[in-house]
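Bring the two chains, given one by one in their own frames, into a single complex with the hints.
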Amino acid sequence: EAGVAQSPRYKIIEKRQSVAFWCNPISGHATLYWYQQILGQGPKLLIQFQNNGVVDDSQLPKDRFSAERLKGVDSTLKIQPAKLEDSAVYLCASSSGTAGTYEQYFGPGTRLTVT
Amino acid sequence: DAKTTQPNSMESNEEEPVHLPCNHSTISGTDYIHWYRQLPSQGPEYVIHGLTSNVNNRMASLAIAEDRKSSTLILHRATLRDAAVYYCILRAYGANSKLTFGKGITLSVRP
Chain A
1 EAGVAQSPRY
11 KIIEKRQSVA
21 FWCNPISGHA
31 TLYWYQQILG
41 QGPKLLIQFQ
51 NNGVVDDSQL
61 PKDRFSAERL
71 KGVDSTLKIQ
81 PAKLEDSAVY
91 LCASSSGTAG
101 TYEQYFGPGT
111 RLTVT
Chain B
1 DAKTTQPNSM
11 ESNEEEPVHL
21 PCNHSTISGT
31 DYIHWYRQLP
41 SQGPEYVIHG
51 LTSNVNNRMA
61 SLAIAEDRKS
71 STLILHRATL
81 RDAAVYYCIL
91 RAYGANSKLT
101 FGKGITLSVR
111 P
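In order, the protein sequence lines correspond to chains A and B. Note that the working numbering gives residue 70 to position 70 of the first sequence, counting from 1, and the numbers run on in steps of one. Note that the working numbering gives residue 100 to position 100 of the second sequence, counting from 1, and the numbers run on in steps of one.
Wrong hints could be hidden among the right ones.
Here are the simulated DSSO-like pairs of lysine-lysine, each with C-alpha atoms no more than 27 Å apart in a straight line [as the list claims (entries may be wrong)]: (1) A:K44 - A:K62; (2) A:K11 - B:K3; (3) A:K62 - B:K98; (4) A:K44 - A:K78; (5) A:K11 - A:K62; (6) B:K98 - A:K71; (7) A:K15 - A:K78; (8) B:K69 - A:K62; (9) A:K11 - A:K78; (10) B:K98 - B:K69; (11) A:K83 - A:K15; (12) A:K71 - B:K3; (13) B:K103 - B:K69; (14) A:K71 - A:K44; (15) B:K98 - A:K78; (16) B:K69 - B:K3; (17) A:K62 - A:K15; (18) B:K3 - B:K98; (19) A:K78 - B:K69; (20) A:K83 - A:K11; (21) B:K103 - A:K62; (22) A:K83 - A:K44; (23) B:K69 - A:K11; (24) B:K103 - A:K83; (25) A:K71 - A:K15; (26) A:K44 - A:K11; (27) A:K44 - A:K15; (28) A:K83 - A:K62; (29) B:K3 - A:K15; (30) B:K103 - B:K3; (31) A:K62 - A:K78.
Hints in this document: simulated from the structure, not taken from any laboratory. None of these values were measured; they are calculated from a predicted model.
Excised from the complex, chain B in its bound form (with noise of 0.2 Å):
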């Protein structure tokens, strides 16, 4: 599986947008970029995916460099409630791929 790359951790105020980036250098031309979060004692929860358009829902938005290299998630305006580790994955296009987690983004949100 294609790999990414993301910071440890980052920091925002909240109600202010947040920028989460990922590198993943070695995508192939049918993986999905997909971005999961996992709040303090539950399961990850899915928040978006795409292949190389920008795209948009009610929780955030996926940027994606022309390249795809890279991507960025954006939470317009965030809330305490965001404060979740982040996974950015690759994912395979076909049937029966995998969902393979790294370590991810931790984000805090200050008050």
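This is chain A alone, in the form it adopts within the complex (with noise of 0.2 Å):
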């Protein structure tokens, strides 16, 4: 079974540029999403898609990000403008189902570093 997939594995942008990062689930996975993990911290979830639907976006800063999962299948994650403090790896997960029993498997992230 082919595991979460993520591209790219890094970028480098200096700040106020964009930036999007793509992320394809597991298959038949209708639950995806998206983590920023600053180094030395656990990942923190940005977003939680159920199909093309957006299930929880509260610690998405909207002003700056922004994400879709048009088809129900895979997804992109945007920054525009970038700021220094956007500097992490940007990881996405995905699950068969949401609730607590369920396991969620992630891929092997994006770092980012903004200049």
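What follows is the structure, given as structure tokens:
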């Protein structure tokens, strides 16, 4: 079974530029998550999708971050414009269910450096 | 979300058992105890979860205290590949419950 795919793996941009990350979840997983992990901290949930609808985006900085999952499969996360504090690893995860008994499967992440 | 408390770090020797503790004194009756681990430069990986009874799988065992206020992740025979950050997380039973990660415990394995 193929895992969660993410690209690119690494990205370096200057502040005020824009960047986009792509995620392809495990086949058949209706739930998709984006997390931000700052160095030395645990991942923090940014947004949760159920199929192509947003379930929770309460921690997404909506003035600069946006995410979509148009066909209910793959997803993109965009930052525009980027700030220095956005330097982090962006992790995508998917799951076959949303209740507390379901495990989440994580991709390898995209390491973003903003200079 | 109910919080967990873990030591910052722990060291172990290769091929010996490892017991990783976690305190969760404010756990509610419907919170599951989840463990994930994160190897260097990788995304987190599910390890195990449980509610009340001890659980075993191919990766580890989870021992849950009778009052559920603490739990222990047991790696029966540590390998160098087990060196990682281990996160103990309480996750509510219901739909759309979140995984809220803390800082975790960093496990080092000595050859």
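message = Hints numbered earlier in the text: which of these fail when held up against the supplied structure?
response = Going through the list in order, the structure violates hints 2, 8, 12, 19, 23, 25 and 29 and respects the others.
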